[in-house]
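*Asks:* Residues per chain, in single letters:
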Amino acid sequence: MNKDHRTDLSDVLRPKNVGAAMKRTEDPRLLTGFGEYTADRKPDQALHMAFLRSAQSHARIARVDTSAALEAPGVVAVLTAEGIAGDFKPVIPFSRMANYYATPILPLASGKVRHVGEAIAAVIATSRYLAEDALELIEVDYERLQPVAHAEAAVTEDAALLHEEAGTNVLVAREFKQGNVAADLAAAAVRVGGRFEMTRKAALAMEPRSYSAEYDKRRDALTLYTSSNIPGIVRDAISESLSLPGHRLRVVAPDVGGSFGSKGSLYPEELLICIAARKLRRSIKWTADRLEDVSSSSQAFAEIVDAEMGFDEHGIATSLQADVIGDVGAFSIYPWTCGLEPVQVVSFLPGPYKIRSYRGAVRGVATCKPPTGPYRGVGRPISTFVCERLMDMGARALKIDPLEIRRRNLVRAEEFPYRIASGIIWDRTGFIDCLEAAAEAAGYDQLRKQQSEVRKRGRLFGIGIASYAELTGIGSRIAVAPGMPINTGSETAKITIDSTGGITAAFGVASHGQGLETTLAQIIADDLGACFEDIRVIQGDSDEVPMSTGTYASRSAVLGGGAAKHASEILKGKIKRVASHLLEANADDLEVSQGKVAVLGTDRTVSFKQIAKAVYSDMKTLPVDAREELTASYTYDPINGTTAAATHIAAVEVDPATCFVKIHKFVVAEDCGRIINPMIVDGQVHGGVAQGIGAALFEELIYDDDGQLLSASLVDYVIPSAPEVPIMEVVHVESESAVSGGFRGMGEGGTIGAPAAIANAIADALSPLDIDVSVLPMTPERIFRLIQNAKHRAKEKS
Amino acid sequence: MKPTKFDYVSPSTVEAVIEALVASNGDGKLLAGGQSLLPLLNFRMARPSVLIDLNRIEGLSYIKDRGDRIAIGALTRHRDIELSPLIASKLPVMSAAMRHVAHLAIRNRGTIGGSLSHADPAAELPMLAVFYDATVLIRGPHGLRMVAAEEFFVDALTSCLKPDEIVVEVEFPVLDHGGWAFEEIARRFGDFALASIALSVRRTGGGLEGARIAVMGVADTPVRLKQAERELVALPLDEQAPELCSEIIASKVSPNDDLHASGEYRMHLLKHLSRRALRTALASTDQTA
Chain G
1 MNKDHRTDLS
11 DVLRPKNVGA
21 AMKRTEDPRL
31 LTGFGEYTAD
41 RKPDQALHMA
51 FLRSAQSHAR
61 IARVDTSAAL
71 EAPGVVAVLT
81 AEGIAGDFKP
91 VIPFSRMANY
101 YATPILPLAS
111 GKVRHVGEAI
121 AAVIATSRYL
131 AEDALELIEV
141 DYERLQPVAH
151 AEAAVTEDAA
161 LLHEEAGTNV
171 LVAREFKQGN
181 VAADLAAAAV
191 RVGGRFEMTR
201 KAALAMEPRS
211 YSAEYDKRRD
221 ALTLYTSSNI
231 PGIVRDAISE
241 SLSLPGHRLR
251 VVAPDVGGSF
261 GSKGSLYPEE
271 LLICIAARKL
281 RRSIKWTADR
291 LEDVSSSSQA
301 FAEIVDAEMG
311 FDEHGIATSL
321 QADVIGDVGA
331 FSIYPWTCGL
341 EPVQVVSFLP
351 GPYKIRSYRG
361 AVRGVATCKP
371 PTGPYRGVGR
381 PISTFVCERL
391 MDMGARALKI
401 DPLEIRRRNL
411 VRAEEFPYRI
421 ASGIIWDRTG
431 FIDCLEAAAE
441 AAGYDQLRKQ
451 QSEVRKRGRL
461 FGIGIASYAE
471 LTGIGSRIAV
481 APGMPINTGS
491 ETAKITIDST
501 GGITAAFGVA
511 SHGQGLETTL
521 AQIIADDLGA
531 CFEDIRVIQG
541 DSDEVPMSTG
551 TYASRSAVLG
561 GGAAKHASEI
571 LKGKIKRVAS
581 HLLEANADDL
591 EVSQGKVAVL
601 GTDRTVSFKQ
611 IAKAVYSDMK
621 TLPVDAREEL
631 TASYTYDPIN
641 GTTAAATHIA
651 AVEVDPATCF
661 VKIHKFVVAE
671 DCGRIINPMI
681 VDGQVHGGVA
691 QGIGAALFEE
701 LIYDDDGQLL
711 SASLVDYVIP
721 SAPEVPIMEV
731 VHVESESAVS
741 GGFRGMGEGG
751 TIGAPAAIAN
761 AIADALSPLD
771 IDVSVLPMTP
781 ERIFRLIQNA
791 KHRAKEKS
Chain Z
1001 MKPTKFDYVS
1011 PSTVEAVIEA
1021 LVASNGDGKL
1031 LAGGQSLLPL
1041 LNFRMARPSV
1051 LIDLNRIEGL
1061 SYIKDRGDRI
1071 AIGALTRHRD
1081 IELSPLIASK
1091 LPVMSAAMRH
1101 VAHLAIRNRG
1111 TIGGSLSHAD
1121 PAAELPMLAV
1131 FYDATVLIRG
1141 PHGLRMVAAE
1151 EFFVDALTSC
1161 LKPDEIVVEV
1171 EFPVLDHGGW
1181 AFEEIARRFG
1191 DFALASIALS
1201 VRRTGGGLEG
1211 ARIAVMGVAD
1221 TPVRLKQAER
1231 ELVALPLDEQ
1241 APELCSEIIA
1251 SKVSPNDDLH
1261 ASGEYRMHLL
1271 KHLSRRALRT
1281 ALASTDQTA
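Residue numbers (the numbering used here), protein chains in the order written: chain G, 1 to 798; chain Z, 1001 to 1289.
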């Protein structure tokens, strides 16, 4: 049972560390080049792996001849699907979802290839150079099959099947329903709708995927260093696949240079490198180059949404329906399944609004592209884009201001907990507070005045609002991915004071840029009464806690933080009991702070170091039964989790001459509950919005009709750089959540709100030309086309 | 993404470079700033048997005032050209264009000889060479030869350099322009241009007596639009001039579609830049007049 309770915000005695903008513990090492990433590992006499990747998008593999490669200098082994068949059990991304077909995770393509970039063979050699030389000597004969490049074509009857055993290219199908949508739409005063699309995107973490499988001959044991944000899940999956128990398989995520979801699934290469290290009894390294990373790591979005919303004459949204087709790529991902991204689109589509009837249907369709997978915001960037466009279209049709229409439809403070039409329950969160705070910070009324002024001079100036809510820190009652059989709802903290007085706190979370070493230490410092600097946080290491998963789904501050609080409390009890012996005082009269225990109202104190000595080393001071080991472990489960929300407002201008979009203003008002570290929260928002700008204006993986990736380099895959990211204003609405500590998750939100806000702002800017924005990214080319088409339309009319 | 095996030499004289090129039997590659070559090597799109590093050669990095001509040594870094007061006063169009050349880190390494030899149709220096009617000095086993910039660029990523030749200097005539403009639009600052134009005019009385126009990114090589120059000179300088100028330029090029922009959009951008360029150029003659 969790003893969670809400702390009153009026509590003026703010703790010392939580809430302070403390500099990140991680930064000195990361900024001075002393971080240790997976590629920095130097295992003894390591071998290097390189992959032969498919140049075909869909083909039967008729023959693979590795004989010449095997003879090449430095080559130790060449692996193909055939050669490793007996060395592992396939990993299946299982789910209890109906209408779901699970494709297995295969370390190397077997029988056929299903996307360009799929690994067919691996060369293991004494250097990466020699391994790549040998790759050129492998001969593959392909029998070309019909490419399945577009999701909408893949569901037609004459489309080739990517997975013949499935009998269809639709790998997952679901429908959510509440109320009578057809009747409500028919009765609506205004109906708005359209066909919306967010194209395929790369996560593009700065550090590409990297693995180092280090073999220990003495124990026939393996340590996998991996640039993963789910080392615990990877450990459990590989353990099962290789029949290697956890005491002989350690998985460590050392410093990890970003993931944004792309390092949050088990990868074929990750499985293969372990198979190979065990088979060869050697340590092996592999780091993806940028091309490999872009063409084989999980990708984002790729969804088309046909949606319609009905409003009554007062601007109340009454009904919403949507048909979503998700281009999920060639395979399901482990453990989240190919349902993760597209199904979330329909689960979250009603957003923070009280829409009484809803129908959302989704199909996840296999195509010959790399799989889509978790990407910062999962499903919600596009569900928010669609819902917020519909809100604005409704506002325009009814001549209601976009800010006002949201006021009328958002769930209000007194209505929480609120179950939206798709079934998700929002707990008490500052939806309206965020909307009003963002409007105030943006100077909304002034912006509208400015807009009407500049419009008179023909300038295309627009204002866009996007409100959204998300589930964060979810506990065991809700699966992160639908129907998934693994537990992602709890997190363990194990805090130990050793014989020197040093404090080590171990977690199963796996920070890959979130600064958890800092924020978790802030929480422990307050709740244990320790000095911040005395606490070392260990995370991302499967040996440190019995079960862990990692850091994803905006969970670590809520779950890790909750576990830290509870474990701190238990350990503080032990400290007090020992101190009461040493200080000859009642435990109730003791105060623990700054690594010392003091008798209230006196100058008598004892330090953690003295307490540790008394417990572990000095065998005279304490009676035997009072020498409690100074350690505490707690596994925290918030059961349901908590909501986080924000409103983003963007003011943009479209230059009709260049068709470029300039962002003049960007404001975020967000509610992430009690803030642990405002500097880190700001950083998360800034980074998230920057990625959202990428999704809104720049980033696009372009595949041609043959399934070939055309934008595979950073010359062609354009991401926002510093000049394209505006100064942002971030307002914090700190309404405490009901979970331990009052925290809410906030790692993803920036990416959820920004695309929708920018899309609405561009649509508003282009509204004098009667242009709708329904595809992201809104590249200059797309804006050029829209303006040209509008000109043609206007000409035809006149 | 590792290069194939290659030998590496770093001669200290141009003669030794040519010897190494000859010895390589057409299989050698010259390494100057390496900003285009190294990615090509890593992608294994270039597979030279020997990499001949030019960076130990002294005396190939200079900007010299030769009165009516400015000579730039092949190993001169972009950044040195960008910051040169001599370039700013004698070759102002080049000076203005240099800040559009990629990013600072790349400009610190990249060289004029390397950029010209690479012959990217969307790179600024090849376009400037064409605009200025520069002369490229080439050394080979049979001595020096001089090639006009327009003949130097043969096709996309292809120059007239023979496998055993090296660019040693580029000589730019100092133009007697009254007004000029350099305009460029790229997706992000430092990216390859979606459209770009260099334009200069010489005014006389109510009209023009001379004009020079070069564009890039609209064909397989940078191009000087000589016919457009003549038509522009014939234009009356009224308020219609920028629009007509853009029409003239547009009628001379037909940009292709690519991943970043359709030909139609590039044309739209080029016309916009042409109008702006003429206005800027005319305004700057007003100032000097």
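Just so you know, these hints were derived from the structure itself, not from any lab.
Keep in mind that this is a model prediction, so the values were computed, not measured.
The reader is advised that the hints may include incorrect statements.
[What the hints assert, rightly or not] Computed cross-link-like contacts, DMTMM-like style, restricted to lysine to aspartate or glutamate with a CA-CA straight-line distance of at most 25 Å:
| no. | chain 1 | residue 1 | chain 2 | residue 2 |
| --- | --- | --- | --- | --- |
| 1 | G | K662 | G | D445 |
| 2 | Z | K1064 | Z | D1191 |
| 3 | Z | K1090 | Z | D1133 |
| 4 | G | K665 | G | D312 |
| 5 | G | K456 | Z | E1151 |
| 6 | Z | K1002 | G | E240 |
| 7 | G | K791 | Z | D1191 |
| 8 | Z | K1002 | G | D184 |
| 9 | Z | K1005 | G | E533 |
| 10 | G | K791 | Z | E1151 |
| 11 | G | K662 | Z | D1176 |
| 12 | Z | K1005 | G | D770 |
| 13 | G | K613 | G | D682 |
| 14 | G | K662 | G | D637 |
| 15 | Z | K1002 | G | E628 |
| 16 | G | K399 | G | D184 |
| 17 | G | K217 | G | D184 |
| 18 | Z | K1002 | G | D44 |
| 19 | G | K795 | Z | E1243 |
| 20 | Z | K1002 | G | D40 |
| 21 | G | K795 | Z | E1151 |
| 22 | G | K791 | Z | E1231 |
| 23 | G | K399 | G | E533 |
| 24 | G | K112 | G | D40 |
| 25 | Z | K1252 | Z | E1231 |
| 26 | G | K574 | G | E628 |
| 27 | Z | K1271 | G | D65 |
| 28 | Z | K1162 | Z | D1176 |
| 29 | G | K16 | G | D770 |
| 30 | Z | K1252 | G | E781 |
[What the hints assert, rightly or not] Chain G side only, calculated, beta carbon under 10 Å to chain Z, not exhaustive:
| no. | residue |
| --- | --- |
| 31 | T126 |
| 32 | S127 |
| 33 | D289 |
| 34 | S476 |
| 35 | K662 |
| 36 | P720 |
| 37 | E724 |
| 38 | F784 |
We treat Cβ as the ideally placed atom computed from N, Cα and C, and that holds for glycine.
*Asks:* Compare the structure with each hint and give your call.
*Replies:* Structure-based check of all given hints:
no. : hint              : result
1   : G/K662 / G/D445   : 20 Å, holds
2   : Z/K1064 / Z/D1191 : 29 Å, violated
3   : Z/K1090 / Z/D1133 : 14 Å, holds
4   : G/K665 / G/D312   : 32 Å, violated
5   : G/K456 / Z/E1151  : 51 Å, violated
6   : Z/K1002 / G/E240  : 34 Å, violated
7   : G/K791 / Z/D1191  : 30 Å, violated
8   : Z/K1002 / G/D184  : 61 Å, violated
9   : Z/K1005 / G/E533  : 50 Å, violated
10  : G/K791 / Z/E1151  : 42 Å, violated
11  : G/K662 / Z/D1176  : 38 Å, violated
12  : Z/K1005 / G/D770  : 59 Å, violated
13  : G/K613 / G/D682   : 41 Å, violated
14  : G/K662 / G/D637   : 44 Å, violated
15  : Z/K1002 / G/E628  : 57 Å, violated
16  : G/K399 / G/D184   : 21 Å, holds
17  : G/K217 / G/D184   : 68 Å, violated
18  : Z/K1002 / G/D44   : 22 Å, holds
19  : G/K795 / Z/E1243  : 21 Å, holds
20  : Z/K1002 / G/D40   : 18 Å, holds
21  : G/K795 / Z/E1151  : 45 Å, violated
22  : G/K791 / Z/E1231  : 30 Å, violated
23  : G/K399 / G/E533   : 57 Å, violated
24  : G/K112 / G/D40    : 35 Å, violated
25  : Z/K1252 / Z/E1231 : 11 Å, holds
26  : G/K574 / G/E628   : 7 Å, holds
27  : Z/K1271 / G/D65   : 55 Å, violated
28  : Z/K1162 / Z/D1176 : 34 Å, violated
29  : G/K16 / G/D770    : 54 Å, violated
30  : Z/K1252 / G/E781  : 22 Å, holds
31  : T126              : 13 Å, violated
32  : S127              : 8 Å, holds
33  : D289              : 4 Å, holds
34  : S476              : 43 Å, violated
35  : K662              : 13 Å, violated
36  : P720              : 8 Å, holds
37  : E724              : 6 Å, holds
38  : F784              : 5 Å, holds
The structure fails to meet hints 2, 4, 5, 6, 7, 8, 9, 10, 11, 12, 13, 14, 15, 17, 21, 22, 23, 24, 27, 28, 29, 31, 34, 35 from the earlier list, while all remaining hints are met.
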